[in-house]
Amino acid sequence: MSEEKPTPVINADTRPFWEACRNRILKFQKCRACGHVRWPAAYLCPECHSLDTLWVPVSGKGTVFSYVVYHVAYHPGFLSDVPYVVALVDLDEGPRFLSNITGCSPDEVYCDMPVEVAWEDRSAEVTLPKFRPREA
Amino acid sequence: MGALESGECRYVMLSYGHSALSSDGMLRMLGEFEVEDMVFGHFGAAAAYALAARRAMHVYRTGPGTWQHIAIGQRRWANLNPRAMMYDRPMSAEEYFNARWHVEPFRSPDNCLITDGGRACIITTAERARDLRHRPALVMGMGHDHPARSVYRTLDFTGGTGAKKAGEKALAMAGITLGDIDACEIYDCFTYTVELTLQDYGFFGPGEGEDWFRDGATEPGGRMPVNTSGGLLSEAYFMGLTPFTEAVMQLMGRCGERQLGPATRTKDPEIILCSDNGGIFQSHACYILRRP
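Those protein sequence lines, which keep their order, are chains B and S. Just so it is clear: in the first sequence, position 56 is 181 by the numbering used here, and no numbers are missing. Just so it is clear: in the second sequence, position 240 is 446 by the numbering used here, and no numbers are missing.
If you are wondering where the hints come from, they were derived from the structure by calculation, not from laboratory data. In this text, a Cβ means the ideal position worked out from N, Cα and C, and glycines have one as well. Honestly, I wouldn't trust all of these hints.
[To be verified] In the SDA-like style, the derived pairs of lysine to any residue whose C-alpha atoms are separated by at most 20 Å in a straight line are: (1) B/K155 x S/S356; (2) B/K186 x S/R359; (3) S/K473 x S/Q488; (4) B/K255 x S/E242; (5) B/K155 x B/H174; (6) B/K130 x B/G219.
[Said to hold, decoys possible] To spell it out: a stretch of chain S is covered by chain B in this simulated footprint if at least three of its residues, at any positions, have a beta carbon under 8 Å from a beta carbon of chain B; those stretches are: (7) 242–252; (8) 297–308; (9) 375–381.
Bound conformation, chain B alone (with noise of 0.2 Å):
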């Protein structure tokens, strides 16, 4: 029997990041007065405190910074998934994010492997950004 996977908890910092996400775009906040890409999705900038911030849509690409292979499932709506890869992947523009690696085998994963996004739904009003293999 599975059981539902946990869902985003979604609020006022993070809304804009999930809803671009249902329409396949990743966005991050930018800071207007530095410059710097953040993720987690914050009030003000953690570099330099400034609460100017714009979303900007990202490449999708990047590199896994580091990654480890789940041979057990701590929750059981990952049960039929293990052994399964969670990475953090470091985007081009900036923010690391962490996410899965999908679309090869968890033995095939390296770190500073290229990677792009590859979308999952989750259910009707969630869609994942995970990430697979790209041609660096």
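Start from chain B and add chain S according to the hints.
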């Protein structure tokens, strides 16, 4: 310490207690901090430290080949400690490598234990301690550092954690160098934490851990005993109080079969360094204790 020295209070008790094994408290505590991560099947501290460890494997020579020495060495200490959860469970290298993966690159014995129980330590002034029934341990130096950056923004997965500055401050306050340390009690939530902490303290350079830990260096009979109770990996999980109280007990000479000195073919301990670590390498404390 300031409150004791100013006379504002006479005794301070550091304590920790948890029914972590018989309840789901530990899992809830670890799983609760990043809701967004759970969407992608990412839960808690083990995987976050495993992410750090995997990056380190990419940057310098480390991995299970290094961590086996930490897991097995601490297990040998636990086998001398009747209070340790792993007291009667020896572990060979073969058993380490055959253990199942949890969050790869960590196998089961790379992870700390989950324990029901607690531990406490009483701190007072050196003057008051002088005529107590037991010989005390004295605080020589301490240092703290809290980089606090989240895993999304961390710069120090592979070195330069809070241990670096905290260790320097503690050594400076104590007026000693690493060469004066007789043993270490290191916060060991995962094997890699022990490696990175000792590396940041300066015991060895990045990637040199595998050679430094080799040949039982940190085990009973070794040149630098580490985590002599079995630690969080093989004794019990009482947060920073597992390493801290073990340092105190060793300096008091109350450790029985695992007592540092002739009983374990190690140096008689004059000075012991211990560490505590919080978050995902986000905060660090280093304490140096000595015999009176």
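Taking the hints in turn, this is what the structure says about them:
1. Of the pairs offered as hints, the one joining B/K155 and S/S356 holds, with about 19 Å between alpha carbons and a cut-off of 20 Å not exceeded.
2. Between the alpha carbons of B/K186 and S/R359 the distance comes to roughly 18 Å, so the proposed pair stays at or under 20 Å and holds.
3. For the proposed pair S/K473 and S/Q488, the alpha carbon gap of about 33 Å is over 20 Å, so the pair is violated.
4. Restraint check for B/K255 and S/E242: satisfied, since their Cα atoms lie roughly 13 Å apart, inside the 20 Å limit.
5. Annotation: proposed proximity of B/K155 to B/H174 holds, straight-line Cα distance about 12 Å (limit 20 Å).
6. A C-alpha spacing of about 28 Å is found between B/K130 and B/G219, which places the hinted pair above 20 Å, so the restraint is violated.
7. Taking a C-beta to C-beta cut-off of 8 Å, the stretch 242–252 of chain S contributes 9 residues in contact with chain B, enough for the three needed, and the coverage statement holds.
8. Closer than 8 Å: that is the beta-carbon criterion, and the stretch 297–308 of chain S has 3 residues meeting it against chain B, so the requirement of 3 holds.
9. Three residues within the 8 Å Cβ limit are the bar, and the stretch 375–381 of chain S against chain B gives 0, so the coverage statement is violated.
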